[in-house]
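A.B. asks: Heads up: the sequence shown is residues 5 to 739, going by this note's numbering.
Honestly, the hints are just simulated from the structure, not real lab data.
Take the hints with a grain of salt, since some may be wrong.
Stated by the list, open to error - Each pair of labels, with its calculated beta carbon distance range: (1) Arg280 x Gln251: 24 to 32 Å; (2) Pro483 x Gly137: 19 to 27 Å; (3) Arg729 x Leu382: 35 to 43 Å; (4) Ala265 x Ile486: 49 to 57 Å; (5) Gln499 x Ala265: 18 to 26 Å; (6) Gly551 x Asn599: 23 to 31 Å; (7) Thr654 x Ala247: 33 to 41 Å; (8) Gly33 x Phe80: 51 to 59 Å; (9) Arg699 x Ser124: 38 to 46 Å; (10) Gly354 x Arg729: 44 to 52 Å; (11) Ser511 x Ala463: 34 to 42 Å.
What the hints assert, rightly or not - The calculated lysine to aspartate or glutamate pairs, modelled on EDC-like cross-linking and capped at a C-alpha distance of 16 Å, are: (12) Lys227 x Glu199; (13) Lys177 x Asp217; (14) Lys159 x Asp218; (15) Lys227 x Asp191.
Positions of the beta carbon are idealized from the N, C-alpha and C atoms, including for glycine.
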Amino acid sequence: MVAITPDSPIGAVFGNSHKKRKLAEEGLGLRTVGDLLRHFPRRYVAATELTEVATPVVGEQLTIVGEVRSCESASFVSGNRRQFRTTVRVRTDGPDFSITFFSPYGNQAERYEAEFRPGSRAIFTGKAKQFRGSWQLDQPHGFALDGDEAVSLSKLIPIYPLTAKLYSWDLQKVATATLDLVTGVTDLLTPELRERFEVLDVMQALRWIHAPDDWKQLGAAQKRFRFEEALVLQLVLARRRAAHRAQGARARTRRDDGLLAAFDARLPFELTGGQREIGDLVAEELGRDHPMNRLLQGEVGSGKTLVALRAMLQVVDAGGQAALLAPTEVLAQQHHRSISAMLGDLAQGGMLGGDAHATQVVLLTGSMGKTARQEAMLRTVTGEAGIVIGTHALLEDRVEFADLGLVVVDEQHRFGVEQRAALTDKAGRPPHVLVMTATPIPRTVAMTVFGDLETSVLAELPAGRAPIQTNVVPLTDQPSWIDRVWQRVREEVEQGHQVYVVCPRISGDSGEEGESDQLDFDEDGADITPRRQLAAVEDVHAELAAGPLAGLRTAVLHGRLAPDDKDRTMRAFAAGDVDVLVSTTVIEVGVDVHNATMMVLLDADRFGVSQLHQLRGRVGRGGLPGLCLLVSHADADTPARARLDAVAATTDGFELSRVDLEQRREGDVLGANQSGFRSGLVTLRVLRDEKTIVRARSAAEALLSEDPALAGAPDLAEAVTEVERSAASAYLDKG
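With these hints in hand, go ahead and build the complete structure from the sequences.
C.D. replies: So this is what it looks like as structure tokens:
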């Protein structure tokens, strides 16, 4: 017999079942034996217990163990042929289920009756549905747990990520049989490391992850693989931090008599304690001869831009330039306006009326005319412009800097590693880097995704930020409440204030993708989000202008508008010339209109928790109380409604970020493909495994201090190198 190794094709262990091999290869991407063994179950069902089923969700893939109450068959005629229907009624630790099998032959129906005897236990899988008030499983598959098919299953039945027509028990049987045949499975952890970190060897862990006899065995196997994954990732990040510290950078020391000092002397308000503390830390790091690499996170309106501006002014004082990279033209233009306004004549370097310490602030975006672009690029390459603000246009090869000393990246999660590198490469030597995000990040996400950055948090809000009241408007239960929503909008405008109305789509075009970031999936990654026509900016604006908001000054804003039109609309709204702005999520970050006090989010369930929190942060910015109405058709007791209730219950962004991770696909939050169901993490979950990640970070630092090349653990070193040169490395940077 040919030896089976992890590199062997998966067909070597599927035997004559070519159909199932093809499903595993094409549906799950399992092409080698190693892929199969590392395709871990997502959860387990105890064969000896009835499955605890909470409120099922229609369309959700379920696997249940239940007690058979009855099993009855009946014949019927379909077309010209006789068919047989067998209905099995099953009791769980939750609702009862009716499970129906159809067959063209009477002997098949008899086999069902013989297998599913009343009082016996059986396992079933299928998609939940309701029919006449009864829960059912659509397209079911199952067998009795005292029958022949169950003999080779473990006491804890693993439930794997699957594809259509391939079942968990198929994969478990193949995986456990393979473990008796396979040789040459590499253990990344040496015996010394396994003893040091108290984890299983890889073969024992594989046997117990695929076929555990009890929860203790399962826990030991999971501990091994979660720690291994966390350790490899933290070694990658620790090596990156060390390499970054080893790079040389030009020190940009703070001056007492320059542009920054002049700016500080004019500030009409006191810095918060957090702004002072983090500002001093950033100033000290800018003065070092190796690059600063810091993540600054803080709530919407916490004053991150002011911290970044003071850092930019320090670099300009030291003879360098600073670049601010924004993800959208709306945000870049907003930054340019607000920074120019804050600096006043300090932004008029070389101009009549400019201060003696002044520099220039230029804007560079893709939509600018040729003459304006050339002028901005000339001021950048000559060094006249100390501060350059722009979008992806800053990354073009034609854009050159005289002396780029600091790169500020706003909303880092919207940029990939290549984009960040393209800007930092424009400096003669590595520039200092300050990354900002208004999306609160739990500690373990920061350690896992931004682990090569030092992290600071601005938790204190400046004076003048008013509380925001948030309410859910459940139209499924109370359809008439939408009338009150628009009455409330009119009342707000009559008091002299302004209102945002946010929609997930631009138009009612059926082929258009929504601009929301939230879908609900079952455990196999299938989308179970209810399909209904979502609110669209153009349609909603027309309906409101002709109906409940007739007579008010309304306008639209979305990504398809020409850049000049977008800028004109935002300027009009900021100037108070527009009462109600009907928009997509382009107003999510950076838009700062102090007179806007109310936001209506239509189809709010289509947005993620963090996105909802970001959006409502656009109101209540001028000292006036804010109101945010989350309008939704989501049913009570659904994940979508739970998201909205969580947002309405608190304005603590860090608490909501944990809710976001608990309720959504982790891949969405960590930067993976939002429509897929695989995250960049395999066995780890950043909230559940917080202690493991913290332990792995400490272990990684210790191992590298003892053995920087990991020469004593060559297989572990190779795994780390592979991550560094693979797409997973880009995933870590992207965040």
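A.B. asks: Starting from Lys227, check that the Cα of Glu199 is at most 16 Å away, please.
C.D. replies: holds, 14 Å
A.B. asks: So does Gln499 sit 18 to 26 Å from Ala265, Cβ to Cβ?
C.D. replies: violated, 42 Å
A.B. asks: May I ask you to test the hint 19 to 27 Å on the CB atoms belonging to Pro483 and Gly137?
C.D. replies: At 23 Å between Cβs, range holds.
A.B. asks: Can the suggested window of 51 to 59 Å be confirmed for the beta-carbon pair Gly33 and Phe80?
C.D. replies: violated, 41 Å
A.B. asks: Just to be sure I understand the hint, the distance between the Cβ atoms of Arg699 and Ser124 should be within 38 to 46 Å; is that true here?
C.D. replies: holds, 45 Å
A.B. asks: The hint says 33 to 41 Å between Thr654 and Ala247; measuring C-beta to C-beta, is that right?
C.D. replies: holds, 40 Å
A.B. asks: Are the Cα atoms of Lys227 and Asp191 separated by 16 Å or less?
C.D. replies: Since the Cα atoms of Lys227 and Asp191 sit roughly 15 Å apart, the hinted pair holds (cutoff 16 Å).
A.B. asks: Just to be careful, I want the Cα atoms of Lys159 and Asp218 compared with a cutoff of 16 Å; is the pair within it?
C.D. replies: holds, 7 Å
A.B. asks: Between the beta carbons of Arg729 and Leu382, is the distance compatible with 35 to 43 Å?
C.D. replies: holds, 39 Å
A.B. asks: Take a quick look at whether Lys177 and Asp217 sit within 16 Å of each other, Cα to Cα.
C.D. replies: holds, 15 Å
A.B. asks: Taking the Cβ atom of Ser511 and the Cβ atom of Ala463, is their distance within the range 34 to 42 Å?
C.D. replies: Roughly 40 Å apart at Cβ, these two residues keep to the hinted range, so it holds.
A.B. asks: Can the suggested window of 23 to 31 Å be confirmed for the beta-carbon pair Gly551 and Asn599?
C.D. replies: holds, 24 Å
Hint compliance for this structure: hints 5, 8 are broken, all remaining hints hold.
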